[in-house]
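Make one complex out of these two single chains by using the hints.
Listed below, chain by chain, are the residues.
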Amino acid sequence: MASIDRLGPELILLIFAGIIILADLVVPRWRSGLVAASLLGVAGSIVWSVTLVARDMRGGAFDGALVVDDFSLFFSFLFAGIAALVILASIEYVDRFVRHQAEYYALILASTAGMMLLAATTDLIAIFIALELTGVCLYILVAFLKDVRSSEAGLKYLLLGALSTAVTLYGMAFLFGLSGSTNLTDIANVVAQANDDTRAALVMAMVLLAAGLGFKMAVVPFQMWVPDVYEGAPTPITAYLSVGSKAAGFAVVMRIFMEALDARFISGDWANMFAGIAAVSMTVGNLIALTQTNIKRMLGYSSIAQAGNFLVGLAAISAADGELALGASGVLFFLAAYAFTNLGAFIAIIAISNRTGSDEIGDYAGMSRRAPLLALGLTLCLVSLTGIPPTAGFIAKVYIFNAAVQSDLVWLVIVGVLNSVVSVYYYLRVVLQMYLEAPVSEERIAAGPALGLAMAIASAGVLFIGILPFPLLEAAEAAAQVFG
Amino acid sequence: MLSFIVFFPLLGAAVIALLPLERERHAKWAAAATATVVLAAALGLFVAFDRDETGFQFVERHTWVSADIASFDIQYLLGVDGLSLAMVVLTALLGLVAVLISWNIELRPKEYFAWLLVLEASLLGVFTALDFLLFFIFWEIEMVPMYFLISIWGTGRKVYSAWKYVLFTFVGSSSMLVGLLVLAFAAGSFDIIELGRMDIREALLPTQVIFFLLLFGFAIKLPVFPLHTWLPDAHTDAPTAVSVMLAGVLLKMGGYGMLRISLTILPDVARDASLWLAAFGVVNIIYGALVTLVQTDLKRLIAYSSISHMGYVLLGISALGQVGLTGAGMQMFTHGLITGLLFVLVGLVYDRAHTRQIGELSGLAHKMPMIAVVMVIAGLASLGLPSLAGFVSEVTVFLGTFQKHEALTVLGVIGIVLTAGYILWMIQRVFLGERLPRWEGLSDATAWWERVPLVVMVAVIVLVGVYPAILADIIETGVQPIAERLV
Numbered sequence: 053m054a055s056i057d058r059l060g061p062e063l064i065l066l067i068f069a070g071i072i073i074l075a076d077l078v079v080p081r082w083r084s085g086l087v088a089a090s091l092l093g094v095a096g097s098i099v100w101s102v103t104l105v106a107r108d109m110r111g112g113a114f115d116g117a118l119v120v121d122d123f124s125l126f127f128s129f130l131f132a133g134i135a136a137l138v139i140l141a142s143i144e145y146v147d148r149f150v151r152h153q154a155e156y157y158a159l160i161l162a163s164t165a166g167m168m169l170l171a172a173t174t175d176l177i178a179i180f181i182a183l184e185l186t187g188v189c190l191y192i193l194v195a196f197l198k199d200v201r202s203s204e205a206g207l208k209y210l211l212l213g214a215l216s217t218a219v220t221l222y223g224m225a226f227l228f229g230l231s232g233s234t235n236l237t238d239i240a241n242v243v244a245q246a247n248d249d250t251r252a253a254l255v256m257a258m259v260l261l262a263a264g265l266g267f268k269m270a271v272v273p274f275q276m277w278v279p280d281v282y283e284g285a286p287t288p289i290t291a292y293l294s295v296g297s298k299a300a301g302f303a304v305v306m307r308i309f310m311e312a313l314d315a316r317f318i319s320g321d322w323a324n325m326f327a328g329i330a331a332v333s334m335t336v337g338n339l340i341a342l343t344q345t346n347i348k349r350m351l352g353y354s355s356i357a358q359a360g361n362f363l364v365g366l367a368a369i370s371a372a373d374g375e376l377a378l379g380a381s382g383v384l385f386f387l388a389a390y391a392f393t394n395l396g397a398f399i400a401i402i403a404i405s406n407r408t409g410s411d412e413i414g415d416y417a418g419m420s421r422r423a424p425l426l427a428l429g430l431t432l433c434l435v436s437l438t439g440i441p442p443t444a445g446f447i448a449k450v451y452i453f454n455a456a457v458q459s460d461l462v463w464l465v466i467v468g469v470l471n472s473v474v475s476v477y478y479y480l481r482v483v484l485q486m487y488l489e490a491p492v493s494e495e496r497i498a499a500g501p502a503l504g505l506a507m508a509i510a511s512a513g514v515l516f517i518g519i520l521p522f523p524l525l526e527a528a529e530a531a532a533q534v535f536g
Numbered sequence: 458m459l460s461f462i463v464f465f466p467l468l469g470a471a472v473i474a475l476l477p478l479e480r481e482r483h484a485k486w487a488a489a490a491t492a493t494v495v496l497a498a499a500l501g502l503f504v505a506f507d508r509d510e511t512g513f514q515f516v517e518r519h520t521w522v523s524a525d526i527a528s529f530d531i532q533y534l535l536g537v538d539g540l541s542l543a544m545v546v547l548t549a550l551l552g553l554v555a556v557l558i559s560w561n562i563e564l565r566p567k568e569y570f571a572w573l574l575v576l577e578a579s580l581l582g583v584f585t586a587l588d589f590l591l592f593f594i595f596w597e598i599e600m601v602p603m604y605f606l607i608s609i610w611g612t613g614r615k616v617y618s619a620w621k622y623v624l625f626t627f628v629g630s631s632s633m634l635v636g637l638l639v640l641a642f643a644a645g646s647f648d649i650i651e652l653g654r655m656d657i658r659e660a661l662l663p664t665q666v667i668f669f670l671l672l673f674g675f676a677i678k679l680p681v682f683p684l685h686t687w688l689p690d691a692h693t694d695a696p697t698a699v700s701v702m703l704a705g706v707l708l709k710m711g712g713y714g715m716l717r718i719s720l721t722i723l724p725d726v727a728r729d730a731s732l733w734l735a736a737f738g739v740v741n742i743i744y745g746a747l748v749t750l751v752q753t754d755l756k757r758l759i760a761y762s763s764i765s766h767m768g769y770v771l772l773g774i775s776a777l778g779q780v781g782l783t784g785a786g787m788q789m790f791t792h793g794l795i796t797g798l799l800f801v802l803v804g805l806v807y808d809r810a811h812t813r814q815i816g817e818l819s820g821l822a823h824k825m826p827m828i829a830v831v832m833v834i835a836g837l838a839s840l841g842l843p844s845l846a847g848f849v850s851e852v853t854v855f856l857g858t859f860q861k862h863e864a865l866t867v868l869g870v871i872g873i874v875l876t877a878g879y880i881l882w883m884i885q886r887v888f889l890g891e892r893l894p895r896w897e898g899l900s901d902a903t904a905w906w907e908r909v910p911l912v913v914m915v916a917v918i919v920l921v922g923v924y925p926a927i928l929a930d931i932i933e934t935g936v937q938p939i940a941e942r943l944v
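The listed protein sequences correspond, in order, to chains A and B.
Whatever position you read off the first sequence (first residue = 1), add 52 for the working numbering.
Whatever position you read off the second sequence (first residue = 1), add 457 for the working numbering.
So that you can see chain B by itself, here it is in the shape it has in the complex (with noise of 0.2 Å):
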């Protein structure tokens, strides 16, 4: 099952890049049947999924390279926990909603929906894979599409943003490669399961570095300050459903490799480094959401914006116990949906008009009620109201972090109310305000495929706001037995 929802997509590109090309335009049915296939199997491994087992579920085991022909052996080795399970069906839903707000490519639709298709593969791949060597293969083949995705597709300064991303993510990812290596070797195994039952203490590093050359590769791409500059620029310059994986799924598998192998795997070390964390995660809140605010262009505005929030993960990761490692889960699950929308928002605001300058924008909401409405729904989750989904999971991320470090969950609690402030300040000057006759000439989203993400949006947003226990009874049974090695 998790094969298929992974290698589905691949097969879905590989049919989309031997289309012919005068057939090119069928790309995109292509794309959205791939797509709406793989969520639907996504949505079936949450239904299907166990709630009451804290283990990996629907685990695939086979020998790749076996210790018996190679001085190391590979698995090919996938399972979803709890966890997991979230971040699959967020991949997927983002995935389809990716493909749906494309629906106007023009330029080479071929490549672009096939590399699409690619970059969710990989990112399934990563969230579900258990073998750290097959994890690091995924982590390293997503470099490959966004390269393409935003370079090619990509607007303004896209070739500069695209070598940006590319080489910090290899930065990142060389550090992990080598505490990888290390770690395996002290082990005797790369299986993810394996290694979070043992005890390392003796490595040919100390343990502290190997923590630390991982989570350097993580925090490059959750990102954490002052590794975040390649973020405003690869979001901004990144074509609109690019920025949706970007900032919806892509970010996550920072915070998701923290707490599946950072933690997991070298609980100890975790425990000294957990001030370390809340620090860089409350500097990242306040720092995030102060670049925000003053921001002129929308879409910017929303890239740092995403800082802010990922601080949230990093507090709740760093509070080590159940209910802020929930809280952290939480967060990522509901940032990837909430800011997914305002890219797409963002996106449909600048088909239209042609312009992302706020300063140029006003009294949209007289033309466009529709993204105005929902756009004041995502801003408002997005500050964290009361019965939408990002409340539950700031609550959440809060309450868990205080019983640790008081003072520094203080101080990140600053963060929501600047969040409110450029969240609200932002609305006022785009859709409020004073008609212009510039923008006499927009509409609102009409066709079929902007219409269908905005509602489903929307409704999942309501419906963790409303209802979290279906989110947050599958992220506690993944976080458990995290939590448990960190007691």
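This is chain A alone, in the form it adopts within the complex (with noise of 0.2 Å):
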């Protein structure tokens, strides 16, 4: 029974999404049932997980498949956070498709569970399945306007998408033939007597795993994908694509690199790897991002730059005494900071492209007369993302930067303030727009009130981190002692 509680939080979101599937049948197109019934599954998730901590039941399950620790729980939360911003964001937004939006919410919320699981498990096959999990309900949601663009998205992120699993799973084969067991604590063991002799499989699987979870990450170079599917998708999916699936992607790189390859022979490899994917991620998402003139493409490429800024912890293995915690605590809190800001960014886009119908940068002109708390938003979320303070944006660049410096990393910290110069010129290029140009039209535009609260919390979150950041530096730091 232990075990079922542990898995709590995933099961009520399954079983929400189950439920909004069958009542979808017997109360056809009841909208904003199925919205309360979503966002009441994402509050019954927080509440267990609540309850989890409150009852201090940290420890495995299911014979070590998954765990429920600080680092798991810290997922649960941000991700649950993330699915409700994003219900939020989507009720305006899904009138587009008349049909099908039980199916909309039971994917958002089915997809959920299987980031939550990629954070918690702790067994290769496990982990396989939640990765199966969330890609396969994105794969739909990504299609799910069924207009060229999007099905060509949908298409795309599909086959890329099977192969990098395909990618992944040679990685893990790996593991599994040097170790024999698919547990990372077992495959920790072996690593941790590992030799010359086994040095080059455990080189392979590293760099295969690292490549198929490349895509899940975004960063450079398997980073195709992302400008086509984030321009294609439904702009909360995109949303929820560039915060939520990115986040789980680290999430799961942390949790199989930091545990089963934890071991100083291996681990200076890993990070000598993850700083160049850093530095080239960082660099050529920016340059191209300053090309751009579509926001939500240029998102996208920023999202491939800010993956490298994450990317910076994982490389910061403290150099004295192959300390993981350090760059894993920063990992963590900037992928809060930046759930915060993109979702921020996301939601004003959806809110100014309901009415305008646009996603150009140029249609952003005088929004700040048409749409004066939208266009402060969205300024206040451009802010964060180039990281000036006093935004969670600049807090974040700080302590992941810092600990970078902790690890001797002083070059990749000079090629990331070199990116974040860059960066200011295509963040603020939107700002720019929405406050000094004339605007097209003079009708004003007005955030619904569900699109207006998901706005508010974004907004809120981006300025208390930004300016009381201990709370989440408390939990990002308690849940990376785990790779302590």
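Everything labelled a hint here was simulated from the structure, so no lab data went into it.
No incorrect hints appear here.
Chain A stretches covered by chain B per the calculated footprint, using a threshold of three residues with CB under 8 Å from any CB of chain B:
(1) 440 to 450
(2) 459 to 471
(3) 484 to 492
(4) 521 to 530
Being a predicted model, the structure only gives us computed values, none of them experimental.
Heads up, the beta-carbon is just placed ideally off N, CA and C, and yes, glycines get one too.
Put into structure tokens, the structure is as follows:
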């Protein structure tokens, strides 16, 4: 029973996903009911996670396939929060497709459960199942608009996703072959005794896993799908992909690399690998983002660049004693800060494009007059993405760069700050459009209550983390101690 | 008290931002009230400041992010010594001036005054923060209001200039961020007071490199040739009040940073770099003055003269001694006042004549005697006439530097001659000379909001010129500990 109990947050989401689909058969097209049920599911999941903390139910489940620890709890809350904001942001948007609204919400809940599992599973088979659960739900959601672009995006995402899953599986096979076990703890024990004979196989596994999961994290050179999928998918799903799916990718990478491959023998190798990918991701993402004219594509490339920032944390293994926790907590903090920030930006985009029907940056001209609050919120989020205080993005940037400095990665920090100079240009260009250019029309744009609420929550989060970062810092450091 | 001074403008900005659109005209009153309260508080600080003490006063220390929960600890640490106090008073004074001379702003006044107050708050934060990261936060925030103020309310190539300003500043602050993280890791603290007592020799990077990374950020702000190219564009295209803040206060962030951070924390490297600093200082003085001589636009002329005058600050800093540093601090204060006043005057002329081309203007003194008289006073102060503020600070700089770098100081004095040249020539062409029928319709500064800043600023310039001790005393208490570390 304790195992089921520990699976509670995910189970609740899946149960509500089922209820929503069934209820839709009985009471068709009851829009507010669908929204209420999905929000209730998320709330139930959060409450269950809270009681897990309160009852101190940390521990393994299902013979070590699953674990409830500070790390998985951190992500449970993060993914539930992301799902709630995405649902709020979807309410007005889903009117574009009259049919299948129930499936839309059900798939969001199911994929959220998948993401939570990705952070909690400690067995290669279970990890793989969670990976597929998340992926399959997202393939459908991306294609949900059923127009040309959306279908193309769905197909692209599916094909590349399948390929990356295969590569991941290949990497897992190496680990299994070496250790004879799929359990991360068992693998870690074997890796700890690895010698130069097994080194090649380990490096192979490491590279394959990074390549397969690099797809989920959306880092260069596994980012090819990002711009098209981001542009074609329904915007709330783009937002969801850019924060949820990405965070899930990082969660599983941290779980596998920091738990199973946490031996000084090999950790230096993958830290160097991630440092390299980080530098390339930041640079490529930022440089291409400079030239974008579509705001969703721009944020797509920006998310590649941001993933480069997160990877700095993975590379930041303490040079002195191989300590992992420093960079790991940086990644966690950054992921949460980025979730609020990027969701906020996408919510503003949804609200604006619901009215203007355009995602071109040029059509944001004069938004400060047409939609003052949305423009202000979007500006705040873009400032946070740039990493200017007093926002979440600034603290996150300083925090992760600080970890990198302590790991003797000054070169990477220099690459990082130079990149943030580049990013100023394309983020603030949008701000400039909104505040300086004359509006194309005088029509006022107001966000509906749900979008307004979501925007308020995201903006408040960005400012709160920027000014009073310690609650999140504390949570992130506690979660990172799992690998300490 | 310091928290009040730093955050009260933010409160004012928030109130203004919440004003309903139809009451937009009240924004200026709210802004003026806010700026007046801040100035009063700053003057209160000036009076209450204990001039016999050399350390930091009015210190407020709270843990912001504690080392218990995070891998670093950041403090909310504010405090002033004599040097920062002078800068706080200057900021508060020019903050009020900036609000008053913007009285006629018609374009989106609500946003304008809100940003102006945010700018003031961030500047006050820079001058009072004693935690390096907090200092950096205020340093970065300052960029945002400037970006909006120049790009929306500016003139000419305002968007280009705003971008240039932001990119230069951001490059500088990025370099500073790397330096400060490496430094703080080596020292285990962001506390500037503590860092100022340590002797840091070992870090991930050589201390010379850290010194350079930090100095690079400050040098862009000051600005030091050849990093100065943002300045003429930003000054020229910014609205008058923003030029006042830019020349009057923002440039001082660079000098202040060098004194507070570079010299205090890495005195050994500073000693080695002294000659370089002096050389760049002299280049700034001469190059700035020469370029000023050929300017045809009034505002650009004052802008380039700022580069030249900031050279004195750098020269004073390069002396690395009590006298030179006092001179640098005083020069920062007096240049803020004098150049602030010059920009106000140029703004007043431009409001009336709608041109800033020196070649087109002539004989304005007949139609605007008050502006002309104040311009002459400000001009004479700028070229260093005894009994006005500029003289004291420049003489102190030269006195301090001469013992250390004789030849370079002598070269630097040429700058005074050149200053006299461009200032007097400008006054002669614009205010004296032939009366042109085209300018017969112009009026003098008549409104109260034009006259009050002029009178107040002239009064302070004369006061500091006649009784320099009022300023020198407090700055001396501030630079004394810095100078002692450099011996």
